[in-house]
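Colleague: Listed here are the chains, written in short residue letters.
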Amino acid sequence: MARVVVNVPAEAKKGEVIEIRTLAGHPMETGFRRTQLGELIPRDIIRSLVCTYNGVEVFRAELHPAMAANPLLSFTTVATESGTLEFRWTGDNGFSATEKASIKVV
Amino acid sequence: MLLVLGPAVAAEIPLSERKSGYEFMSRETRAMQDDEITGPAVLTLLDGEALWGKLGCAACHTSMKGVAARYPAMVGGKLTTLEQQVRHRNPELAYESRELLALTAHVARQSRGMAIEVDEKAKSHIEAGKAFFHRRQGQLNLACAQCHDDNWGKKLAGTPIPQAHPTGYPLYRLEWQGVGSITRRFRNCLTGMRAELLPHGAPELVDLELYLMWRARGMKMEAPAVRP
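So the sequence lines, in the order shown, correspond to chains D and W. One rule links them: number in our numbering = place in the first sequence (from 1) + 31. One rule links them: number in our numbering = place in the second sequence (from 1) + 301.
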């Protein structure tokens with residue numbers, strides 16, 4: 032199981048811009064490298080990260096080769112209501128990871 | 302007046318002028334190390350914590366605070382690195398494997414901020430490590446000291462030369478895209494010098510690690526660190 036970490040403020044004021052940081056453990060193999068014997072190492076990367084806030088998509092990213100291993104993605108959204116943020120990473124070779132974080136909006 | 306021009310002998314760095322590799326890094330890389338929640342080494346720490354529980358280490362050990370700050374140390378008459386001691390019950394954990402690095406990082410993390418202390422009883426090993434550090438070797442005929450004692454702070458291929466204080470191992474190196482041990486770093490340097498590539502656990506490298514820890518005595522542990 033892939034290891035992922037998200038950092039969401041536990042509490043925010045209504046209308047406040049909040050920063051969300053996500054970290055996913057993944058080798059992000061580009062598909063351009065070769066072994067010492069000259070064989071191509073197949074591509075193995077995360078293709079996308081989607082974040083939903085109470086079911087509404089607030090952020091989506093497409094990832095490509097040549098991004099570093101263990102990608103850290105940081106983005107902002109507006110705290111509108113208390114609830115749950117859900118994160119889903121998907122990638123090559125059936126890679127999939129999900130994580131949830133709750134936020135209290137006052 | 303008589304001028305005596307001796308060979309350029311590496312002078313040891315005065316204790317007050319020692320700097321951790323952290324101080325040679327860019328602001329961005331420092332921020333990665335300082336980020337305790339989403340820093341790149343966090344994933345390894347989480348793995349290590351899980352393994353600690355899975356392997357039942359807690360059956361004997363409560364806190365590992367300060368342990369990493371005093372290794373390599375003499376264990377049963379043999380100089381032993383932290384990695385070697387961590388696998389004492391689980392020799393199937395290979396050097397440089399993800400599992401061993403994670404466990405070692407988990408142990409080392411608990412010494413963060415503590416001063417490095419070296420067992421002076423291992424004096425002969427410190428001397429052997431020092432001799433290795435100052436010995437020219439490899440096709441480039443280089444000694445470690447020529448870069449890390451004599452030319453620290455200058456640039457090598459655009460990168461600052463640090464003083465080689467092992468304050469943060471095992472650490473996340475951006476170049477490696479992962480966590481690695483000090484032995485991996487040694488082997489990188491040996492490759493660069495085109496010297497004999499010593500295997501993991503080689504006594505020469507253990508002595509060298511001890512000498513470097515002695516050289517960094519009193520400095521603060523920052524494992525698992527981040528380096529460029």
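Just so you know, the hints here were simulated from the structure itself, not pulled from any lab data. Positions of the beta carbon are idealized from the N, C-alpha and C atoms, including for glycine. Take these hints with a grain of salt, some might be off.
As a list, the in silico SDA-like pairs of lysine to any residue whose alpha-carbon atoms are at most 25 Å apart [to be verified]:
id: 1; chain 1: D; residue 1: K131; chain 2: W; residue 2: K521
id: 2; chain 1: W; residue 1: K431; chain 2: W; residue 2: A351
id: 3; chain 1: D; residue 1: K44; chain 2: W; residue 2: K521
id: 4; chain 1: D; residue 1: K131; chain 2: W; residue 2: K379
id: 5; chain 1: D; residue 1: K44; chain 2: W; residue 2: I338
id: 6; chain 1: D; residue 1: K131; chain 2: W; residue 2: I338
id: 7; chain 1: D; residue 1: K131; chain 2: W; residue 2: L352
id: 8; chain 1: D; residue 1: K131; chain 2: W; residue 2: R488
id: 9; chain 1: W; residue 1: K355; chain 2: D; residue 2: I72
id: 10; chain 1: W; residue 1: K366; chain 2: W; residue 2: D335
id: 11; chain 1: W; residue 1: K366; chain 2: W; residue 2: Y396
id: 12; chain 1: D; residue 1: K135; chain 2: W; residue 2: K431
id: 13; chain 1: W; residue 1: K355; chain 2: D; residue 2: P58
id: 14; chain 1: D; residue 1: K131; chain 2: W; residue 2: E476
id: 15; chain 1: W; residue 1: K521; chain 2: W; residue 2: G493
id: 16; chain 1: W; residue 1: K355; chain 2: D; residue 2: T129
id: 17; chain 1: W; residue 1: K355; chain 2: D; residue 2: E47
id: 18; chain 1: D; residue 1: K131; chain 2: W; residue 2: A351
id: 19; chain 1: W; residue 1: K379; chain 2: W; residue 2: M494
id: 20; chain 1: W; residue 1: K355; chain 2: D; residue 2: R34
id: 21; chain 1: D; residue 1: K131; chain 2: D; residue 2: E117
id: 22; chain 1: D; residue 1: K135; chain 2: W; residue 2: K366
id: 23; chain 1: W; residue 1: K355; chain 2: D; residue 2: E130
id: 24; chain 1: W; residue 1: K366; chain 2: W; residue 2: R399
id: 25; chain 1: W; residue 1: K355; chain 2: D; residue 2: A128
id: 26; chain 1: D; residue 1: K135; chain 2: W; residue 2: A503
id: 27; chain 1: D; residue 1: K131; chain 2: W; residue 2: Y396
Far from chain W, some chain D residues (derived; all Cβ distances over 10 Å) [said to hold, decoys possible]:
id: 28; residue: E47
id: 29; residue: T53
id: 30; residue: E88
Colleague: K379/W and M494/W were given as a pair; does the straight-line alpha-carbon distance stay at or below 25 Å?
Modeller: Given pair K379/W, M494/W is violated - Cα atoms ~29 Å apart, limit 25 Å.
Colleague: Do the alpha carbons of K131/D and A351/W lie within 25 Å of each other, as the hint requires?
Modeller: Roughly 20 Å separates the two Cα atoms, so the pair holds.
Colleague: For the pair supplied as a hint, K355/W and A128/D, is the alpha-carbon distance within the 25 Å limit?
Modeller: Within the cut-off at roughly 22 Å; holds.
Colleague: Going straight from one Cα to the other, do K366/W and Y396/W come out at no more than 25 Å?
Modeller: OK: K366/W and Y396/W at ~23 Å, within 25 Å.
Colleague: Has the given pair, K44/D with K521/W, been kept, meaning a C-alpha gap of at most 25 Å?
Modeller: violated (39 Å)
Colleague: Measure nothing beyond the straight line between the CA atoms of K131/D and I338/W; if it is 25 Å or shorter, mark the hint as holding.
Modeller: With Cα atoms ~16 Å apart, K131/D and I338/W stay inside 25 Å; holds.
Colleague: Given the proposed pairing of K521/W with G493/W, does the C-alpha separation stay at or below 25 Å?
Modeller: violated (28 Å)
Colleague: Next pair to validate is K355/W with E130/D; report whether the Cα-Cα distance is within 25 Å.
Modeller: holds (23 Å)
Colleague: Going straight from one Cα to the other, do K355/W and I72/D come out at no more than 25 Å?
Modeller: With a Cα-Cα distance of about 32 Å, the restraint between K355/W and I72/D is violated, given a limit of 25 Å.
Colleague: Given the proposed pairing of K355/W with T129/D, does the C-alpha separation stay at or below 25 Å?
Modeller: holds (23 Å)
Colleague: Would you mind confirming whether the straight-line C-alpha gap from K355/W to E47/D stays at or under 25 Å?
Modeller: The hint is violated at about 41 Å.
Colleague: Is the Cβ of E47/D farther than 10 Å from every Cβ of chain W?
Modeller: The claim stands: E47/D keeps its Cβ more than 10 Å from every Cβ of chain W (closest is about 19 Å).
The structure does not agree with the numbered hints 1, 2, 3, 4, 8, 9, 12, 14, 15, 17, 19, 22, 26, 27 and 29 stated previously, though it agrees with the rest.
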